[in-house]
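Engineer: Work the whole structure out from these sequences, hints included.
Here the protein sequences line up with chains A and R, keeping their order.
The numbering of the first sequence is the working numbering, which starts it at 3 and goes up by one.
The numbering of the second sequence is the working numbering, which starts it at 144 and goes up by one.
Since the hints were derived computationally from the structure, they do not count as laboratory data.
Fair warning: there could be bad hints in the mix.
[Said to hold, decoys possible] Taking lysine to aspartate or glutamate pairs in the EDC-like style, the calculated list, with each CA pair at most 16 angstroms apart, reads:
1. A/Lys135 <-> A/Asp123
2. R/Lys536 <-> A/Asp110
3. A/Lys8 <-> A/Asp118
4. A/Lys13 <-> A/Asp45
5. A/Lys42 <-> R/Asp516
6. A/Lys161 <-> R/Glu193
7. A/Lys142 <-> A/Glu121
8. R/Lys461 <-> R/Asp561
9. R/Lys304 <-> R/Glu402
10. A/Lys161 <-> R/Glu189
11. A/Lys51 <-> A/Asp123
12. A/Lys135 <-> A/Asp110
[Said to hold, decoys possible] If you want the ones that stay clear, here's a sample from chain R, every Cβ over 10 angstroms from chain A, calculated:
13. Glu240
14. Thr264
15. Glu285
16. Gln326
17. Val327
18. Asp378
19. Phe380
20. Gln432
This structure is a prediction, so every number in the text was calculated from the model and none was measured.
From the three backbone atoms N, C-alpha and C, an ideal C-beta is built for every residue, glycine too.
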Amino acid sequence: MEHTIKGRALKYGDNINTDIISPPQYMELSIAEAAKHAMKAIDPNFSSKVCIGDILVAGANFGSGSSRETSPLTLQHLGITAIVARFFARIFYRNAINLGIVAIECPDADRIQDLDVIEIDLAKGEIHNLTSKQTYRCSKLPPHIMELVNTGGLVPYLKEQLGNK
Amino acid sequence: MGKTMSEKILARAAGQTEASAGDILWVNIDAAMLDDVLGPRVVIAEKMQEIRNQVWDKNKVVVISDHYTPPANIAQAEIVKFTREWAVQHNIQNFYEYVGPCHQIMVENGHVLPGTIVVGTDSHTCMGGAFGAFTTGIGSTEMLGVLLTGKTWLRVPETIKVLWKGNLGSGIMAKDLSLKTIQVIGHAGATYKAIEYMGEAIEALPIDERLAITNMAVEMGAKVGLMQADQKVLDYFAAHSDFGKEMLPFGDADAVYCEELEFDASALAPLVACPHQVDNVAEVSQIPQTKIHQAYIGSCTGGRYYDLAAAATILKGKRIHSGIRLLVSPASQEVWMKAAKEGILSILAEAGAIILSPTCGVCVGAHSGILADGEACISATNRNFLGRMGSPKSSIYLGSPMTVAASSITGYITDPRDFL
Chain A
3 MEHTIKGRAL KYGDNINTDI ISPPQYMELS IAEAAKHAMK AIDPNFSSKV CIGDILVAGA
63 NFGSGSSRET SPLTLQHLGI TAIVARFFAR IFYRNAINLG IVAIECPDAD RIQDLDVIEI
123 DLAKGEIHNL TSKQTYRCSK LPPHIMELVN TGGLVPYLKE QLGNK
Chain R
144 MGKTMSEKIL ARAAGQTEAS AGDILWVNID AAMLDDVLGP RVVIAEKMQE IRNQVWDKNK
204 VVVISDHYTP PANIAQAEIV KFTREWAVQH NIQNFYEYVG PCHQIMVENG HVLPGTIVVG
264 TDSHTCMGGA FGAFTTGIGS TEMLGVLLTG KTWLRVPETI KVLWKGNLGS GIMAKDLSLK
324 TIQVIGHAGA TYKAIEYMGE AIEALPIDER LAITNMAVEM GAKVGLMQAD QKVLDYFAAH
384 SDFGKEMLPF GDADAVYCEE LEFDASALAP LVACPHQVDN VAEVSQIPQT KIHQAYIGSC
444 TGGRYYDLAA AATILKGKRI HSGIRLLVSP ASQEVWMKAA KEGILSILAE AGAIILSPTC
504 GVCVGAHSGI LADGEACISA TNRNFLGRMG SPKSSIYLGS PMTVAASSIT GYITDPRDFL
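Structural biologist: The structure is reproduced here in C-alpha cells:
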C-alpha cells in the first residue's frame, strides 16, 4: 500500500452509526444492492455521489452500534478507501482494518469541509488539506495494524499465514 | 497492584500469569458464535473455501439463526437456509434456529461460562459479561480468522467501575438503571473500554435483570460489561446446563480503574431514551406527552421471563389503548414456554398483546413490527437509532418493559408507577 492516500472528502457529522451506514432493512440484499441504500437516512444521494477513491470524513464516534461488517463492506464497495474521523466505535474500527480500509483518527476532522481534497500521510501521521492549505495531525497505525493494512486486510494476511488449503 | 476482571480473564486466555490495560494479547477463544445475518453468509463461507474449509474446533463454534427467523421474504429465507447448510456441512452440533435471539440462547445453553472468552458476530455479545465472562462482538472477517485459528488479538481494556448502591424502588427495573448509566457515561464514553458493574443494587438483581444491563454496555461504546459471577450465576447454570467447573474470576479490591462512578438505585425514576441516541435519556415524568403507535416488549434486552412477568403485573385486567399495537416476543423458546405455562402470555394477550415468536426481527427492523413514516414506538430493546425499526421518519423511545406496558394502556409514554 502507498503511504499517502489522496482523495476528495465527503463530509458528515458525529455519531454516524451502523443503522445509518447500512440500514438493517436492506442487509438481506447483496453488498452491491445494499450499497445503494448506504447512508440514505441522512443523505439520500450518498450512493450515487461517491466516486472511487473518495475519503469519508466524519466527526466523533463513527460506526457506533452493530458489529455488522456490511457497513464497511458497502462503503468499500462504493469506492471509499479511507475514513477519517475524530474517533471510531471499536467494532467498526476493527472491521475496517480487517477489510484493508484505512481508518484514521484526526482531532481536527471537523476542519475538513465537504469536497475538500485531502492527502493522508500515513507514515508521518499528517493530513494535508490541499484545498484550504491546512495540515492536521492524525493517528498513525500501530505496527501490527499497519502490517494487516499493507497486506490488504485480514483475509490476505490469513492466506499468507496459513497457506492455501 | 490489583487486577481488574478483564486483566485476569485475558491473561489466562493468553496463557500469561498477568496482563495490564493497554497490553495487546493474542487470546484463545472459548466459544465463537455466528448468527444468520452476519455469520457464514458474509465473507466467512466464501473465504474459508479459499483458505481452509475447516473450523479450528467444531465444539467451540455455535451457530444461531435468529434475526431472519421466521423469514419475511425469500432473501431472508435463503440466508436462514444457507446458515443451516453451512452448520451441517461443518458438523456444528451447537446449532439453533427459530428459538430466539442468540445472546439469550448462548446463556441458556451454557455456552457462556465464567472466566472464558466468547466472541460473536453481533455487538450485543457483551451481554454474557453478566456471568463473569469476557464476551464481545466482532465482525465477520475477524470471525473468519477466529474460525481458522481459534485466536484473535485484543487490547486489554481500561475499566470503568460503576458502583450501584441502594435498591430499586417499585416500578423501577434494571433497564432504568442501565439507561441512567448510559446517560452519565454517554454513548461513546466507554469506547475501547470495559465496564465493571458492582454494588448492592447489582447483587440484589436476578440474572434476567443483570443481563439487561450488560447487554447495553456496547451502547456506551464498551467492549464488554462485566459482573462478578456469584451464587445466583451458579444456580442459573444448575437450572440450565451442566456447568460444573469453578472458574469464577473476581476483580481485586485494589484493581486500577480509569474512572469510578457511583449511583444510588433508590433515587431512580422510570427513564426513557428519546430519539435518536441511546444516551438521550430523560425521566418519563419530565418529557412532554408523547403519543405512540407501537409498543414492543422483547429482544435480548427486554424479553426475558422477568420482563414479561413485570409487564403482566401492569397489564393484568387492563386493555391496551385503541389504535395502538402491543407486540411481545419472548427472548427464547424456553422463555416462551415458561411464560405460557405460568399464564403470563394469557394475561398479556387478554390485554390485547400480539404474542410473536422469539426473534430479533422487530428490534432490528427486519420483520414482524416495522414502523411506518411518522410512527413512534416505545420499546424494551437496546437501540433507538434513526430508521432502525423501519422508516427513517419513525421514532423509537427505549424504556423498561413496565414502562412499555403502561404506555400501551394510555397510548402515550407513561410512568408505570401510575398502575401499581
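Engineer: Would you list, in rising numerical order, the hints stated earlier that this structure does not obey?
Structural biologist: Hints 2, 11, 14, 15 are the ones this structure does not satisfy, whereas the remaining hints hold.
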